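J.: Chains as they are written, first to last, in the working numbering: chain A, 6 to 254; chain B, 6 to 254.
Bear in mind the hints are in silico, worked out from the structure with no lab data behind them. One or more of the hints may lead you astray.
[Claimed, not checked] Covered stretches of chain B, as calculated for chain A (at least 3 residues, CB under 8 Å):
(1) 158-168
(2) 172-184
(3) 211-218
(4) 246-253
Small disclaimer: the values here were computed from a predicted structure and weren't measured. Glycine included, each C-beta is placed from N, C-alpha and C at the ideal position.
Number of protein chains: 2
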Amino acid sequence: MNPVSIYPVPGLPEISRGAALERLIVDGLTRRGLSLEAGDVVVVTQKIVSKAEGRTRSLGDVQPSARATEIGHRIGFDPRHVEVILGESVRVVREAPHVLITETRHGFVCANAGVDRSNTGGQELVVLLPEHPDESAGRLRDGLKEITGAMVGVVISDSFGRPWREGQVNVAIGAAGVMALRDYRGDHDPAGYQLQGTELGVVDELASAAELVMGKLDRVPVALIRGAQVAGEGTVRSLLRNPATDLFR
Amino acid sequence: MNPVSIYPVPGLPEISRGAALERLIVDGLTRRGLSLEAGDVVVVTQKIVSKAEGRTRSLGDVQPSARATEIGHRIGFDPRHVEVILGESVRVVREAPHVLITETRHGFVCANAGVDRSNTGGQELVVLLPEHPDESAGRLRDGLKEITGAMVGVVISDSFGRPWREGQVNVAIGAAGVMALRDYRGDHDPAGYQLQGTELGVVDELASAAELVMGKLDRVPVALIRGAQVAGEGTVRSLLRNPATDLFR
Numbered sequence: 006m007n008p009v010s011i012y013p014v015p016g017l018p019e020i021s022r023g024a025a026l027e028r029l030i031v032d033g034l035t036r037r038g039l040s041l042e043a044g045d046v047v048v049v050t051q052k053i054v055s056k057a058e059g060r061t062r063s064l065g066d067v068q069p070s071a072r073a074t075e076i077g078h079r080i081g082f083d084p085r086h087v088e089v090i091l092g093e094s095v096r097v098v099r100e101a102p103h104v105l106i107t108e109t110r111h112g113f114v115c116a117n118a119g120v121d122r123s124n125t126g127g128q129e130l131v132v133l134l135p136e137h138p139d140e141s142a143g144r145l146r147d148g149l150k151e152i153t154g155a156m157v158g159v160v161i162s163d164s165f166g167r168p169w170r171e172g173q174v175n176v177a178i179g180a181a182g183v184m185a186l187r188d189y190r191g192d193h194d195p196a197g198y199q200l201q202g203t204e205l206g207v208v209d210e211l212a213s214a215a216e217l218v219m220g221k222l223d224r225v226p227v228a229l230i231r232g233a234q235v236a237g238e239g240t241v242r243s244l245l246r247n248p249a250t251d252l253f254r
Numbered sequence: 006m007n008p009v010s011i012y013p014v015p016g017l018p019e020i021s022r023g024a025a026l027e028r029l030i031v032d033g034l035t036r037r038g039l040s041l042e043a044g045d046v047v048v049v050t051q052k053i054v055s056k057a058e059g060r061t062r063s064l065g066d067v068q069p070s071a072r073a074t075e076i077g078h079r080i081g082f083d084p085r086h087v088e089v090i091l092g093e094s095v096r097v098v099r100e101a102p103h104v105l106i107t108e109t110r111h112g113f114v115c116a117n118a119g120v121d122r123s124n125t126g127g128q129e130l131v132v133l134l135p136e137h138p139d140e141s142a143g144r145l146r147d148g149l150k151e152i153t154g155a156m157v158g159v160v161i162s163d164s165f166g167r168p169w170r171e172g173q174v175n176v177a178i179g180a181a182g183v184m185a186l187r188d189y190r191g192d193h194d195p196a197g198y199q200l201q202g203t204e205l206g207v208v209d210e211l212a213s214a215a216e217l218v219m220g221k222l223d224r225v226p227v228a229l230i231r232g233a234q235v236a237g238e239g240t241v242r243s244l245l246r247n248p249a250t251d252l253f254r
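Next comes chain A alone, as it looks inside the complex:
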C-alpha cells in the first residue's frame, strides 16, 4: 500500500471574475514541479471558485429588508450582510448572538449561508458560495483534462462549523470525478458480522486532509492529493441528508 501525499499549491494570483482557474492551477502545479496524473484529486477552496464565477457582492449596493434589519440588530450583524445571507437561504435553522445558521439553496446547513466577509480584498465585499458547486467542480475537471490530458477528481472545499465541537473543518461543497461515499454496507468483517451503517464520507475527508496544507492566511487555495483510491462519480448534492429524515433540522 502506497502513501497518500498532499501537496500545497501556493502562489496563485488574486482571482477576479472570469479567471481561467484550470490554467492558473496547472501553472501553480508546474511551478512546484508537479504534473497531474490520472487518479489525482485537486482540492480548490470555494473562495477562488466563487471569485472566478463573479459570486461577490458589494455591501454598498445592498438595501437591507425590514427582516434583515431586524435580525441584524438582534444578533449584532451588519443588516446588509444579513440581507445577502437570507437571499442565499431557504430558511433560518438557528439564530443566536453573532450566529446565523441557515439552510442554503443548495441544501447546506452552515453559518451565514457560506457568505464570507473576510479575506475578500476589501471589507465591503462579500463572497457567496458558487451557485452550483458540483457543476463548478465538473467544469474544472473538464478544463484540467483538456490542458493536461489527465482525468482527475476535483473537490471544492469550504470550512464549516459543526454541532457539539468547537472549530471548523474543511468539508466538500462540490465534487466531480471522485466518490462521495465509500460504502461498506453489506460487507462482512473478518468475524462474519455484517457491517451496518458504515458509509464513509470520503469526499469530506479529502477536503479535511487538504486543509492540513492550506491554512487560512497562507494563500494556499489549492492542494493536490495523490495516491488516494477515490475515483468515482459522486456529487456533494447526493451526500446531503433528506431534510424529512434529518433529526437535527
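Position chain B against the provided structure of chain A, taking the given hints into account.
T.: Using the frame of chain A, we list chain B on its own:
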C-alpha cells in the same frame, strides 16, 4: 512548503487486553521501512486502543434493564446492546428506528455511545470507547517516545456520523502532542480585515486524513502522518462545545 504524507500501517495482530500497542505500532512501522521522527503524528483507531484496554463486553453477560428493553423494542436494537449504550451515556439526544444518539460520559454526541458491535471477533462482543481517550493517547505518546526517542503526536480516531450529511467521517476522540484547534482569530487577512470565527479543528482533520489510507475492512488500524505542522498540547476534551451554549443539543 513540503507535502504531507500519510502512510498506512497494516499487519498488526489481533489485539487483546494488555497488548503493548506502542511496541506493535513500532514493529508495524519497521516492517514498512518507516521510523518515527519528531513531529510525526500517529493516528490509531479507537478499536485497537479499546481492545488493548479491555474495554469489551460480552452481551451474554448483560442483563438489560426495563428501560433498555423498552428502547430496544421501540427502535429495533438488541436490548443488551442498548443497556451497554445507556451505561456509557449521560443522556439520550435523539432516538429513532435503528438510531440511538446519546451524549457519552466523555461529552461526545454520537450514535450508540460509540459502542460498536461490528468487527469485534465475534457477534456477541461489543467494544466500548476508551474511558479517558486523551489519557490513552498520552500513554501511547509516552510509550512511543520511550521506544523510539521521537516526540510524536498521537490521535485516537473513530468514525462518527454527523447531522445534515450522509456518511460517517473519522474524528478524533483522544489526542496528545498535537494541537486540537488552529486559531486564526485576531489575525488579519491581506486586506486588513480581521478574521472572525476561524478556528480550525485540526485534530479532527488529522483523523479524517488518516481514514483515506485506513478503510474499514482493510485491517489498517494505524496511519502515520508526516509533514503536518501540528505539534501542540491540545486535547479532544478541550474541543467539546459547552452544552450550555450548544444550539443542537
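J.: Which earlier hints turn out false for this structure, listed by number in ascending order?
T.: none
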